[in-house]
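Dock chain to chain to rebuild the complex, using the hints, since each chain is given by itself in its own frame.
Heads up: the sequence lines are chains G and F, in that order. The number in the working numbering is simply the position in the first sequence, starting from 1, with 815 added. The number in the working numbering is simply the position in the second sequence, starting from 1, with 424 added.
Everything labelled a hint here was simulated from the structure, so no lab data went into it. Fair warning: this is a prediction, and the values are worked out from it, not measured in the lab. Fair warning: there could be bad hints in the mix.
List time: in silico EDC-like cross-link candidates among lysine to aspartate or glutamate, alpha-carbon distance up to 20 Å [to be verified]: (1) F/K487 to G/D967; (2) F/K561 to F/D573; (3) F/K494 to G/E969; (4) F/K575 to G/D1062.
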Amino acid sequence: MSSHNIVRTIIFSGIVLYLAYSIGFFDIEKIYSGSKNLIVFSGDLFPPDFRVAGTLFYSLFETIQMALMGTVLGFIAAFPLGLLGARNISGRSISAFVRLVLGAIRTIPALLWAIIFAVAFGLGPLPGTLGLAIYSVGYLSKLYYEAFEAVDQEVIGAVRATGISRLKEIRFVIIPESMNHILSQLFFMFEYNVRSSAILGFVGAGGIGFYMMNYIQLFQYQRLTTAILLTLAVVLIIDFISARIRDKFLTQMPY
Amino acid sequence: MLRVTNSQKNWDNMEEYAVELRNVWYSPDRGNHTLKNIDLKIKRGARTALIGPSGSGKTTLFKIITRLLKPCSGSVCIKGSIGELEKHKVGYIPQQLGLVRSRTALENVLIGAHSRIGFTGTLLGVFPKKEVELALKYLNMVGIAPKADMKVYTLSGGERQRVAIARALMQEPEIILADEFVSNLDIVTAREIMDMMIKIKGKDTTLIIATHDINLARDYSETTVIMKNGARIGEISSGDLDQDKVKDVFT
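One chain only, chain F, in its complex shape (with noise of 0.2 Å):
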């Protein structure tokens, strides 16, 4: 069996990768690995795609990166501009997008916030005027600021992934992880907000999106990973994706 190794001292350029996997493996019930050896290595201030159909492990290789889940073998290093990043400095948007639907767009958005602040304060839902603020600017940037009072469940879909940008916003990541994002939107809608994230990500801010959409990841990230039943079957330039090469990758 792979033995679990966490020391960083081995690891080769400290300062050039956000993302470095090492045989990972991962079972949810020590049965069936949905993931299988997977190494991967992701350049800081790279966009990543992940592509492959579903059950391929790309959601599950996401929580191993959120550290959501701790993988079974192999070793995890996420590293920031300084040591090793903290949890909260990974930006995380799953499928569904996981907002609170009965609370307001803003409420959503300061979610993100809470590990910068205190306890005693917020419980009562009092926030610091200075997360607010930028909470607001966050809206403001994805093109919601007027809709910032209304309940989530009101929203549209397109507006719903606009909050979840705005929360994963709010803190301050250095890594962002969305998984098959805008793939319930409409084609336009969905290119609207890939090209808005683009844009208001920071230049070191590493970008892995997980998609079935070879378009998407053609036009929107640099690298793209292959993945199928739950093993890294390859990885290519995006700019030379096309149907043909991922043909037997979704048969």
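Next comes chain G alone, as it looks inside the complex (with noise of 0.2 Å):
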């Protein structure tokens, strides 16, 4: 039994130090270069230049506005996916199929799709938004089938032997008992934007992200340090305030 534990424990640690020594951590020249360039390339973020706040204040309005906008599109099209999604509502053949273009949405990551849309629609935060909309779809739905699956098989069965329609039962019944999950999972998505459309301006696609990578590529790091500290700042008070909200409309349902 234990001599069994050592050779596992020694078969995994050898994957593990493979594994470490072919990415280049035993290359102690590297290493060593590479730390030394980090200490100083801190130095240079510090301090911050605030000149650049008034400007990027702007920006950063325009990555929350993608983010919110992003959201509120995601959800209009996930809510009904969500529900076609789900196999106790629309059936094993419908929700199979769903189910596949969802994956295959969610394969692509939000970056790529706001690429994708810059190429379409030119730059800006138009492609902005629709990358993070689509991204969300992929996302929220999945997230809102398996809420609607987690219904309480019996509350339905009880439901439908009353001659119910379809319809109503999911409004009567599938969207009440998956409130929570619905509202919990939206501002998940919201905080979760906000977080990814920071990063889209790096593809042209608008926000805070675009000065982020014009200060990268003319090394004005105290600049982006700016950035990063306004960013910072912001997603603390939307999770804040989201945290806030949900607290505010979530039931507490102890059984």
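In structure tokens, the structure reads:
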């Protein structure tokens, strides 16, 4: 028994060490110079240059706007798709097809969607918003069909036995029973989109990322620090507010 | 293999029986049968108890009678006062009650009315005044009218049981099926609710309760059907029930 465990531990450590080696963790020269560069770079980041704060505020606003619109558009599409993807509501064949499509959408990250839309619609916040929206559809729909499927089968059975129509069943049973999930996942998606919209500017899709990219390319690291700090502040504020709203909306339901 | 027949010509005593099952087999996965060759006749207006240990097929049998499940073979005939009974005329109270917990008692009772009312108004949550009054009448009948506007998750076990009864009554059922009815409640509350149930059910309403409590079956039903391992192994007059007679069923 214990010799078995020892063999297992040795094999596992061997794999980890090999992976670390092949990535380059044992290249002492490289690690040393890299660490030195990191310290120099960190020094360059400070002190932050707050003269650009005004310009950055505007683009931060754009970032939040993109995240909000992306989430709302995503929600509008994700809600019906979630219903269609739930096996207990739409049946096996429809849900399998919907899940396949949603899986395909999720495979492509938001950044890539933004690039695709930027090629099609040109630079600016529009491609960024669309990118976030379509990514949200892929993710939120999955979270929703899982929430809908988690509704107690006995409640559904009891209600179906009353001869209720399928649409009414959704309205009076499925939605109320999964309301907590619907809301909390919507807030989660919004928070997620605020974070990921900051980076969309890297590909010219609007928002604060555009400035971050520029500052990096022009070696204006002190301005970059300002952009990062402002983004951090906004993300924290939004997290705080959305946690408050969530607590207020969600009913605490002990059984 | 047995053939599924659904012709109603051959049914005897059309008026007398509310539920008639012949050679019903059911299997959820084409493997093990959870119901084996069930024959069952239940008279209109009768009070019947189904007893048997867990896993004996009581719940599956109920789902066949509500037509939530279709038998693999055999025939099912659920009859109303005129012809075959519509689904919504069978009130079904599952073991865990199946209430929408985040909604009020009144809203849950109104679910029982959906087969009677159209779609447009109700989509916004507006119900015909007549139906709301009826729902309040039933809530009053089961004794929890003052709690009509309370969310179900704030109610006690006994109160929830009453809401579930009111919802079933709201369907104006000819048959009421109650699965492991009142078995989660203390004995005093359970008997109180059973007494009330017997009192308010209409004379022609057929009541079938599944239970593993022999005393409850003896005191509140006329006939007891005994089940084990998916088969019906006997039927006796409930008055004759005692521990000795069903000892081997539960062991």
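Evaluated hints:
{"no.": "1", "hint": "F/K487 to G/D967", "result": "16 Å, holds"}
{"no.": "2", "hint": "F/K561 to F/D573", "result": "14 Å, holds"}
{"no.": "3", "hint": "F/K494 to G/E969", "result": "17 Å, holds"}
{"no.": "4", "hint": "F/K575 to G/D1062", "result": "18 Å, holds"}
When each numbered hint is compared with the structure, no violation occurs for any of them.
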